[in-house]
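Residue numbers (the working numbering), protein chains in the order written: chain R, 1 to 362; chain V, 1001 to 1384; chain F, 2001 to 2321; chain Z, 3001 to 3250.
Just so you know, the hints here were simulated from the structure itself, not pulled from any lab data.
Using N, Cα and C, we set each Cβ at its ideal position, and we do this for glycine too.
Check the hints yourself; a few may be wrong.
Stated by the list, open to error - Not the full set, but computed from the structure, chain V residues with beta-carbon under 10 Å of chain R:
| # | residue |
| --- | --- |
| 1 | Ala1125 |
| 2 | Ser1167 |
| 3 | Pro1168 |
| 4 | Glu1176 |
Unchecked claim - Keeping only pairs whose Cα atoms sit at most 30 Å apart, straight-line, the calculated DSS-like set for lysine-lysine is:
| # | chain 1 | residue 1 | chain 2 | residue 2 |
| --- | --- | --- | --- | --- |
| 5 | F | Lys2046 | Z | Lys3147 |
| 6 | F | Lys2216 | Z | Lys3065 |
| 7 | F | Lys2046 | F | Lys2216 |
| 8 | Z | Lys3144 | F | Lys2216 |
| 9 | F | Lys2046 | Z | Lys3065 |
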Amino acid sequence: MRETVDDDTESFTDARAELQIHRNSDPVNLRLRLRYDYAGTRQTDSGADTSDFDPADRTTVSTEADFVVNDRVVFIGGIGLTHADDTNGSDCVRYSFREVFNTTMSAQALAPVVTDEYGDDLSFYQLYADYNWGQSQQESMNTYFTEAGWSQIDSVATPLGTSDFSSFLSQVPRDEADVLFLNHYGLDGANSLSQAIDRGLNEDVEIVMPLYNRPMAQAASGAIDGVFGTAAWDSQIDNEPSNQFTQAFQDEYDRIPSGVAQLAYAQTLQYAAAVERAGTFYPPEVIRQLEDYEYDNIGMGPETMRACDHQAHRAVPVVRGLPEDEQEQGQFFEIVELTPRDEIGYGCDEGPAAECDLGPYE
Amino acid sequence: MSDEPTETADAAEDGGAVVERTRRRFPSWSRAVESEWFVVGATTVAVALFPWLFARAPVVSDLLNGYQDLASLILIWGIFAMGFNLLLGYTGLLSFGHAAFWGGAAYAAGLFSTQVSSSPLLIVAAGTVFAALLAWVLGFVALRRGGIYFAILTLAFGQMMYYMALSPLSGITNGENGYTDVEVGQLFGSFHLRYPVPGLDWLLGTWQYVFVGAITVLCVALAYRVLNSPYGMVFRAIRENEQRAEFVGLNVWRYKLMAFIISGSLAGVAGSLFTIHGSYVPLESLYWTTSGEVVIMAVLGGVGSLFGPILGAGLYLYVENITSGIRELTVPLTDVVLLDGFGAYWHLILGLVFVAVIVLFPRGIWGLFRDVAAGIRRLGGGRR
Amino acid sequence: MFLVADGVVLVVALDRVITILLNGLQQGAIYVLVAIGLSIILGTLKFVNFAHGALYLIGTYAGLLVTLQIQPTGGRLADWGYATLGLGWGFLAALVIVPVVVFVVGLLMERFVARPFYDRPDTDQILLTFGLAIVVQEVFKILFGGQSYNFARPAWASGPVHLPVVGAFPEWRLYVIGITAVVVVLVYALIEYTDFGLVVRAGTRDAEMVQLLGIKLSRPYLMVFGVGAALAGVAGVVGGPLYAVNPNIGTEVLVPSFLVVVIGGVGSITGAVLGGILIGETLAILVAVAPQWSQVGIYLLAAIVLLARPQGLLGTEEVAP
Amino acid sequence: MSLLELTDVDAFYGESHILRDVTMGVEEGEVCALLGRNGAGKTTTLRSISGTRPPEVRAGRISFKGEDVTAMAPEDISARGISLVPEERRIFPNLTVAENLHIAEVSENRSNTVGRSLGQVQVEHVGMTTEQVYEEFPRLGERKTQKAGTLSGGEQQMLAIARALKQNTDLLLLDEPYEGLAPQIIADVEDAIRRISESGTTILLVEQNAIAAMDISERCYVIDQGSIVFEGTADELRDDDDTRDRYLGV
């Protein structure tokens, strides 16, 4: 195996391939590295302890595609933490795979549950973070809730760098709107949701956070009480791989793993397994092993890593925030429904996938 | 301090005395050492050996745990820190907005690569020209104030550019995702930067390193020449005593602006190389913490010396990228764990070392080395 | 009401305008509290404190720990077995205790950080305090983890209050404005109507002359630093519940606060108040009119003021260091 | 024993040697003048006496009432009864006239948060009260709520002197009190200095304007390039054409 690697100096100029996750919360600590040290074949040495990694807020790595193309490094699944549609739509590339669901899928999963809960023919108002994911999320919400019979009053962009949403929230027409979608992620989401509650918007409208993560829930605390959303993974998902991971993680770090921790570990293993199947690190071979691969071992039920757009098709957990007094360490949501994969998603010729052109293997 | 009464000190005479003293301090051998050829030659050798020592040499590289890519990155940040230091170390102006030149050039280089030409040399030229023009404009405005106001004005301009790139200009810059469409072509149309150098890849690694290294040597030569020209003398005079420099008829403001432009241009060279290196421009390259990072590098390494900031850049990136990966700090050669989760402390350690340097060794680590070396030389001389 | 944006005249309802102004006032209030300390320390002691944001950070975490009980999951404290931390004494206790704590931190900082550097160039002071700010931030990150905590608003002031014209407005934000106003009046009285304030105002202009009048300045300097720090502590407590709490909030509040100082004029309390309100309102109005430009706007405002009136709106040339 | 004695004082600004072996004394109750050209070392002498830094006194001894005050901090020297009315007055322009006067009392107000105990120092006599000041300088009384920065040059000089007198002054150091004032105002200031002297306060007057200074003082020193070149009574100096010509240009 060592030989194959050495033959491949073109793509690996050094004994380490670096995968980078950019986080905006802390530009100084910009990079988190997952190192695949291939001297020890499948040893996964998470340079910075991934369990400590909380993508405190907007964690977008749609940019990784470009690292990938230029560096010829395979970016796999969950490393792409962005949920934006474009990532595996118009921006898709051969070298990138995505495990997490995109905004289309989270809207598809949310629409039936939320309309079922709040009723038909309602009108909704949206605020969204003005960047790739936020735009994508609000578009998806509009599409699938309109399809479900609701109508949009307005959708307003909030610029990045905003931590005080009071001016935007004060514009929400509380008499007209029935539901408010806050398409903010991470810390932004925690701030906008808390501020909305503080403003008493929940007295007049129902609030939905389309995408949750744990740091957001932790920072928003009691504000998430009863608020619907989707989450990448949660330790409460009850199946063999999930429970196994939760247990192993707890044994090692003495706390309940977050969705991101699960993603990091699961994807590292996916890559390692693909390398083993391929018998080489040579990226085109590894990529072929990953494409259309069927698996059921990371706790989200049976999945397919689709060859046409490199998007995993999998179940999406719809969750609801717990009241503050029921929240415990690492437990912030109740799982309302684990929407199975055949109820969501789209064909290779529809939706974002229709715009995807993966490009060459080499 | 500048409280000396002008009535007693004749500035021109004093300036002469400094030169005189400097000359006397260096005997002919030392003067040869300090000569431009020696500096450039030594830099070239050091740059050539660096990636091998760092990433591939037996024993040394295993101890260092370095890798090729980091070697180029260290040189790139080294150029940035050296340029920053031309301002702080030689004119005493502390800018907290150098991210504007680094990041501005990085974006300019990135846009240039997609819109005009993907030739690495032209990309660097474009980024540098942009940074120089930007430095001219910002310097023109910011240099109206000194001290704390200068620091805050530069900070404000830097932040303004960050937020411009983040929001109003996101159509061009791609906002918070950073600029991703960078296209890097082949050097002189024939060398792919990602390819190893035939026959010399054990030493230098890739063409990219050769490219970055050559530009580093050029920048060192340029900076050395500037500092040893009349300009450099004036810069130092301004740092020592601005009023006195003004008194002998120097247009201090113009020299400061020149220093600012040279400094910003070097930051621009580095920023353009950063774009080529990563084929990507992160938005954070404009954020004020980037300015803060280069401040730390320069001060850590040693302001007021040419190589100190490069050393500082290396140290900073090393700690950030290698030390931060150490999970357990153990007693050397044993398994005794001193500190678990050691890597998480890297930023704190840098902060503490930074504070210690300011309090204890204002000339930085390079200055400390020189003091120690001088001490040893003196000891040796004493024994003889 | 008419607001002009991009050449388009918008007709805006009165309640919207008042809401925007209130939002601006509230956002400015936190900057005012932080900036006053920064400004009097810079004006009187000629000391540039880039670590002033760290005092805000300390204030917020101290406030969090006095007010509530938290579970520090991400940091070393959790590893050391502190599953739950905090006194849970409620907000009013924090409002009393935290300023005292941060006051003491300020005294220590003056004695051991600032004083040895009074005679060093201001670039050295900036570098030192910048380094210190990093150290403090990292210590908090290591102890409490990098994640955000929820600093719940006190029960008696959470949720909305229904105001005439404006409608529902977050009650806590009114308290922020109120508490800031009271604190500013107290500090103003301290500086304007006491012998301590007299010495501070005189020392701001001509420290040597004050000493020539037989007054030892080391103690008022210590006090100024302590008071400035305590104000940052108050800001941390009242501002904490507004946003999620994490180790970065110190530097996040520092940069705009410096803008407030230079806009208002170094050493001037009324200047800091004016500057803070200007920045807050600029932010709030731009968010309503041209949200993309809101952040750019405050930096542009600062640059324009600095260039047109270098000593700041209410500052005097002589005080500028 | 003279009230104030300087013995072989050498003072430096950084590396610049300004005062060289300055020896001089001021007797209790007299008005003594220190004369010299611009840059001769007059202000440096006063700054050395009052304890402000720079200059740095590296050799010699300055004693006041027999006590060595050479290395003392300015506030301690002030507390012992030496008050300085500096060149350019240095009143606090941002404070009102009343506040400018009040601040001179702060150091004695021990209950004040910032005040301090004077320790071993015996306070022998207290300075003028504010009422006495307003009596002495009625113009200041009229303008007591005005910001000091708005006063005229002469009024500012009066205020600076009044501020010094509010301290427990035994020795008043006046640095170029006539500088930049109109002739009739100079007369007013002269008048004030006489009255202060008559009330028993010792005065060391530093002037470039030798004629005016000789009018008012009993004894004179002339300083040139940091050294004392003449010592004698005002009459002696008046008669010494050579010294006046060489060192004072009059």
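We went through each hint and held it up to the structure:
1. Annotation: Ala1125 of chain V was flagged as interfacial toward chain R, and the flag is violated, the nearest CB pair being 21 Å apart, outside 10 Å.
2. The restraint placing Ser1167 of chain V at the interface with chain R holds, with a minimum CB-CB distance near 5 Å, inside the 10 Å limit.
3. A cut of 10 Å between beta carbons decides the hint on Pro1168 of chain V: the least distance to chain R is about 9 Å, and the hint holds.
4. For Glu1176 of chain V, the shortest C-beta to C-beta distance to chain R is roughly 5 Å, which falls under 10 Å, so the interface hint holds.
5. This hinted pair checks out: Lys2046 of chain F and Lys3147 of chain Z have alpha carbons roughly 23 Å apart, not beyond 30 Å.
6. Of the supplied pair hints, the one linking Lys2216 of chain F and Lys3065 of chain Z holds, its CA atoms being roughly 22 Å apart against a limit of 30 Å.
7. Between the alpha carbons of Lys2046 of chain F and Lys2216 of chain F the distance comes to roughly 17 Å, so the proposed pair stays at or under 30 Å and holds.
8. Only pairs whose Cα atoms come within 30 Å are accepted, and Lys3144 of chain Z paired with Lys2216 of chain F is accepted, the gap being roughly 26 Å.
9. As the CA atoms of Lys2046 of chain F and Lys3065 of chain Z are separated by approximately 36 Å, the hinted pair breaks the 30 Å bound.
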